[in-house]
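*Asks:* Single-letter residue listing:
4 protein chains.
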Amino acid sequence: MSIKPKSLNVALVGTRFMGKAHSNAWSRVDSIFDSAIKPVLKVVCGRDQTSLDSFADRWGWRETSLDWRATIERDDIDIVDISLPTHMHAEVAIAAAKAGKHVFCEKPMSITVKQAQEMVAAVTSAGVVNYINHNYRRMPAVMLAKQLISEGKIGEIYHWRGTYQQDWIIDPNFPLTWHLQKEYAGSGPHGDLNSHSVDLAHFLVGEIDTLSCQTARFIDERPLPATYEAATFTAGTIGEQKGKVTVEDTSLMIVRFANGAMGSFEATRFAAGRKNHNSFEIYGSEGSVIFDLERPNELAFYSRNDEPHMQGFRTILATDPSHPYISKWWPPGHNIGYEHTFVHAVADFLDAISKGNQIHPNFSDGLKTIKVLETALKSSENNQHLKVIQ
Amino acid sequence: MSIKPKSLNVALVGTRFMGKAHSNAWSRVDSIFDSAIKPVLKVVCGRDQTSLDSFADRWGWRETSLDWRATIERDDIDIVDISLPTHMHAEVAIAAAKAGKHVFCEKPMSITVKQAQEMVAAVTSAGVVNYINHNYRRMPAVMLAKQLISEGKIGEIYHWRGTYQQDWIIDPNFPLTWHLQKEYAGSGPHGDLNSHSVDLAHFLVGEIDTLSCQTARFIDERPLPATYEAATFTAGTIGEQKGKVTVEDTSLMIVRFANGAMGSFEATRFAAGRKNHNSFEIYGSEGSVIFDLERPNELAFYSRNDEPHMQGFRTILATDPSHPYISKWWPPGHNIGYEHTFVHAVADFLDAISKGNQIHPNFSDGLKTIKVLETALKSSENNQHLKVIQ
Amino acid sequence: MSIKPKSLNVALVGTRFMGKAHSNAWSRVDSIFDSAIKPVLKVVCGRDQTSLDSFADRWGWRETSLDWRATIERDDIDIVDISLPTHMHAEVAIAAAKAGKHVFCEKPMSITVKQAQEMVAAVTSAGVVNYINHNYRRMPAVMLAKQLISEGKIGEIYHWRGTYQQDWIIDPNFPLTWHLQKEYAGSGPHGDLNSHSVDLAHFLVGEIDTLSCQTARFIDERPLPATYEAATFTAGTIGEQKGKVTVEDTSLMIVRFANGAMGSFEATRFAAGRKNHNSFEIYGSEGSVIFDLERPNELAFYSRNDEPHMQGFRTILATDPSHPYISKWWPPGHNIGYEHTFVHAVADFLDAISKGNQIHPNFSDGLKTIKVLETALKSSENNQHLKVIQ
Amino acid sequence: MSIKPKSLNVALVGTRFMGKAHSNAWSRVDSIFDSAIKPVLKVVCGRDQTSLDSFADRWGWRETSLDWRATIERDDIDIVDISLPTHMHAEVAIAAAKAGKHVFCEKPMSITVKQAQEMVAAVTSAGVVNYINHNYRRMPAVMLAKQLISEGKIGEIYHWRGTYQQDWIIDPNFPLTWHLQKEYAGSGPHGDLNSHSVDLAHFLVGEIDTLSCQTARFIDERPLPATYEAATFTAGTIGEQKGKVTVEDTSLMIVRFANGAMGSFEATRFAAGRKNHNSFEIYGSEGSVIFDLERPNELAFYSRNDEPHMQGFRTILATDPSHPYISKWWPPGHNIGYEHTFVHAVADFLDAISKGNQIHPNFSDGLKTIKVLETALKSSENNQHLKVIQ
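Those protein sequence lines, which keep their order, are chains Z, X, H and U.
For the record, in the first sequence the residue sitting at position 29 is 29 according to the numbering used here, with numbers rising by one throughout.
For the record, in the second sequence the residue sitting at position 123 is 513 according to the numbering used here, with numbers rising by one throughout.
For the record, in the third sequence the residue sitting at position 155 is 935 according to the numbering used here, with numbers rising by one throughout.
For the record, in the fourth sequence the residue sitting at position 339 is 1509 according to the numbering used here, with numbers rising by one throughout.
The following block holds chain Z by itself, in its conformation from the complex (with noise of 0.2 Å):
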């Protein structure tokens, strides 16, 4: 047999959509990748003990735990993942990273900047791998559109084009879950949604210096979920007792790089017909490119150094040995999937231990997102073209 890699073990906090995704990740790596390094679904932790010996039966993990806190505290534990909602990402990253763990976390990173600044400060004093998951750089058609980019193949970069778009809550019955609530979600497609977009262009393009933003919200109340309960947050069946939505339904930003480069960015659960359309168009000197996460494979490159009467958009599908990542997965022209992008942030996560260098986005490009987002906010509020502090 051949020489087995390091094992490290993990422990899983929350259990639900982002559970289920990382844990599929955590448990596919290893086929997939060489690291070095093999992660052990050690211990999910949760709040209900019949759903956690489910999920765990499910997904592998080794161990449940009511109690997350001490968990992340034993000494077998040396990676934590955060798969909660917003609002508690930071106090269950401090404490990983007050007890040394390595910390995978959910995005968005938090609620406020605040809270991002003392998880940065906490990450850094403990010296631990760190990483917000922005799963969506690690498509291999964004890693393409980045490496063309590098590449000088786009040249000087004019423009900046973030939509994301979804339409999961336009009908008016939807019911108040846990994402449409200040308190729990921080904001509603803003942070959820513009955050991936905020972390792309900042990826792709540079930092963002100025910003104009205008939030709206289209409808102000919605039906309690009947089951509802504080500590689950589940959407069920609805009851009749309406309660107040207290995020926006939508963001519309206007910014200007520090490149120069001029960008927008549009986020909203309110675009009939779009599912999960993360999208972004960059427009450069030298050419261009366009994603799509509906269509996750393909990347559209537009050259302006081919002949004239042979340019054109090329829909190039990113399933080549020549693209990222994929000389692991299948041959050309055998798609992969959204939830490939979890086990590729989890294969350089690993990666990252191995070799102790930082994986990206770590914590502190997390909070450079979430000062955008911030800013952005005041934007609003205050009717202004405001400055980033970062």
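Treat the hints loosely; a few may be bogus.
Stated by the list, open to error - Using 20 Å as the maximum straight-line C-alpha spacing, the simulated EDC-like pairs for lysine to aspartate or glutamate come out as follows:
id : chain 1 : residue 1 : chain 2 : residue 2
1  : Z       : 6         : U       : 1223
2  : Z       : 275       : X       : 676
3  : U       : 1316      : X       : 696
4  : Z       : 328       : U       : 1223
5  : X       : 718       : H       : 833
6  : X       : 665       : H       : 1100
7  : U       : 1208      : Z       : 53
8  : X       : 428       : H       : 833
9  : H       : 818       : X       : 443
10 : X       : 536       : U       : 1476
11 : H       : 1055      : X       : 710
12 : X       : 665       : Z       : 286
13 : X       : 718       : H       : 837
14 : H       : 1055      : U       : 1476
15 : U       : 1414      : U       : 1391
16 : Z       : 275       : U       : 1490
17 : X       : 504       : X       : 573
Just so you know, the hints here were simulated from the structure itself, not pulled from any lab data.
Dock chains X, H and U against the given chain Z, drawing on the hints supplied.
*Replies:* Structure of chains X, H and U alone, referenced to chain Z:
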């Protein structure tokens, strides 16, 4: 022979790109549409006799004139078509109205709100039919979007996204033509392209209540055309001297419509690969529509009223006899082109004269657009979100 | 005034769909192209004086005639344009050639190879310019495909896929017009649509050596038009009586080209949702091109010579001055339509007359296509793969 | 803890591309689906102990074996998974059936009809669950096509177009791997790719009654792999010697279905730019569907029952909980990938065992496909249209 319809004589002022497109429309409309009025291509006005002769010969104008003012005052002229650079619209339009002529005026309407107001006053006082040629309203696919909205298929509108991208000046050696000088053009893509988008937004969504705008210039100086003459503004070969670009290269806006919808606008001449990408997306409570002028015969439509497993954006090829204007043209699947919008505009303009009706967008509609654009430039200068005073 | 080019008088025979499209082209060409010859719309020939008058008035034909034979023999007629149902092409074309007129003939050339051979003999003997109007060669995007092939960008061709799909008779109550009767049309989509595809394959790939074909009819009887007259073949309201459909509803072919490429053809009027889907795909050792008439201004092009991570099908918007015919029309991104192919054909036809050249496809090219189609029908009857004898 | 489902032990024979994809499915199914049976990755069989060890370690197989025959006869093996080159399917499948094991067999089923018949006889006699892995039936978008057909949304089917294009051997220096040798592969894309298309046509349209086929080879000799071994068939670096390609490079078919529909098939490995373009189009009296594996989560659907001005091909993103299999995966808009088809196949296979049902395509279905393919090769040799004897 059939009874000839009434004839009206047209005088065209201007012989460049728009002069050509308008001439095509005046000469074509009679073969395709059954107008009660037959336009006669009577006089074309310009500055250079040689090129005027050639133009008249090519397009069938019966006479030429170097004196537009004398021409439009002729008793035998019924319609004045203004195909000039923006800064000359007001003078010619007001003179034509005072002479009692119907006025067909190219967009954007004017450089300032003040000019536009004077133009409205002139045509109102004269009681003539007046039209600003935001021709894209009259693509069948755009009219179909209007129809679907009117039928309630889109429901309450939440979002407008207007994007008008070109790349024709992306080369820093593209010369300093009149389009790039504030004196002649008023503004850059903000006036040229956003005026189209704002007109479409007014047509399809409603009035704009408040807005934020940011403009930017990417290239400050450009070579003067070697053959440059103030009189012709023609770009020929470039010379060694450079001059200052005095308009913006891009303009981005966020708006709130009076009806609560949120909108964004982006206009640029620096989007590599976009040739005439006049695109809009409208998202509502019942469905969505998307249009892109680079695929001008198509409208994408999404309906939330389809059965759930059958919902998707459908690409309607707007070439069916059930679609606006199409029954006059070719069988289904036989696409029409850019110039056909002008034929439709001319047909509707003649129809308005014949019936004593208004045609839209008229000068009052044009004024509303100019007000939005002027407010936007103030917003960009002051870095504030401003109310549009209509 | 500029020196007037030489004028030639045209006689048009036929006033239906093609009569309209041809009239448009004859009346338009002079404004757009700088031909050495100016066509004069002299006489239009038909069967009904009232509709002839209306047609002449609409399109600018100076005279009308109920006697095509007398008309084409007039000394002052230089060009005969045949826009009739297929079964009448041979008689008119041969008479026109014998009268020494240049012949512009609508496709498909004829019902039988024998007719086509007689037509070739007549024009050859007369030495007149002759043309079969497979107009789609003259879409700029198709000409661009030809150019890329000529430049070696596609390399050795391995595959041709020609697909021409429509759905206009999918309703079983669509009436029994002349198109559905062998006597008048010769065949169904095999002649009507496959003739276009075979012409394009000859143009872009080369000669067809052997083939297999299968045709099928889906609906055997259809209502007779209530207002049906043998003389007009017009579909009006349907009556209670039914008649036999005597042509096929679809035709499928597999071919080997003389150069070793393999090809397929599919033509149908029963493809729900396809309106005028004349599409081809060509795959070669260096690259590929794809065209679809429903997006007529686009050509998809793939190059194996791009860097591996940058390879993809690029959508070339064939509206650049570097593209065939376009410099005569509008700026980049301003699409042209279906009818423009006819303008190009007329321009090239006049150019051939002026220069004493051939234009392609001429009658000899048309004959080759008819031979392929006739061999294919034999293949379908005999269930055998057959050699095409050119 | 929840009650554990019944466990069954799997033996996998073959460790290349398909061995990897199957291993992924066996190890993944339990986390996503709630099968009554839990598969245990018990033994993997191969020829080389070192690579077997590595494979077992990566994918979680508990044991390895160099003797597949002994392994499948072990009492503790319940399921045999055959992931071998085609020429070995029959021997292993028949042995597995005789040993009373359920058989999950990769496609194409066999090299000859005779082999396939013996395989059917073996599993029928043994009464075991048997499956041929035409996995593309189990893309949600393909299952959705089936559902729409079953619901009558397509109506009477007139046309099938199956196209499976790749380009992985277009370089003449691609080496002579086992896929290119008749002895091991039976045929080229005709068996490899057309087998998928024929299976889909059987599934979605019905049985094929008669057909014409033409195959062709474009490159007759290829370099032998320098490291070539009969035992491994692996392409490594190429050597100086060349060997004969003994399979076709492309195969084209025209078919008549028993229900009257007409169909075409094209399979090639020489379509530059097509990576895994497994595409089909189905046109019926009520509507149409189009699928393309390069955009695997999408199904295009056209309905003639939409209002006329609203008809168009709609792109259904088949990631809604209302779509087949999706409720087990991620929220709407979160695409799945190629490998998920295998997970679905394994889930349904386990379900069939659990319930004592058949799963389709089973060996009998596979035999039908092999009969079509074998008849087609005869048609190509004899240049005749032939009846398929099922």
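*Asks:* With reference to the structure, classify each hint as holding or not holding.
*Replies:* These are the hints, each one checked on the structure:
1. 6/Z - 1223/U: Holds - the C-alpha atoms of residue 1223/U and residue 6/Z are around 18 Å apart, at most 20 Å.
2. 275/Z - 676/X: 15 Å, holds
3. 1316/U - 696/X: The given pair, whose Cα atoms are some 18 Å apart, holds under the 20 Å limit.
4. 328/Z - 1223/U: It holds: about 18 Å lies between the C-alpha atoms, which stays within 20 Å.
5. 718/X - 833/H: 18 Å, holds
6. 665/X - 1100/H: 9 Å, holds
7. 1208/U - 53/Z: The given pair, whose Cα atoms are some 17 Å apart, holds under the 20 Å limit.
8. 428/X - 833/H: Answer holds: residue 428/X to residue 833/H is near 17 Å, not above 20 Å.
9. 818/H - 443/X: With a Cα-Cα distance of about 17 Å, the restraint between residue 818/H and residue 443/X holds, given a limit of 20 Å.
10. 536/X - 1476/U: 18 Å, holds
11. 1055/H - 710/X: The given pair, whose Cα atoms are some 9 Å apart, holds under the 20 Å limit.
12. 665/X - 286/Z: Status holds; Cα separation ~15 Å.
13. 718/X - 837/H: 16 Å, holds
14. 1055/H - 1476/U: 16 Å, holds
15. 1414/U - 1391/U: With a Cα-Cα distance of about 5 Å, the restraint between residue 1414/U and residue 1391/U holds, given a limit of 20 Å.
16. 275/Z - 1490/U: Cα-Cα ~9 Å, so holds.
17. 504/X - 573/X: Roughly 15 Å separates the two Cα atoms, so the pair holds.
The structure shown violates none of the earlier numbered hints.
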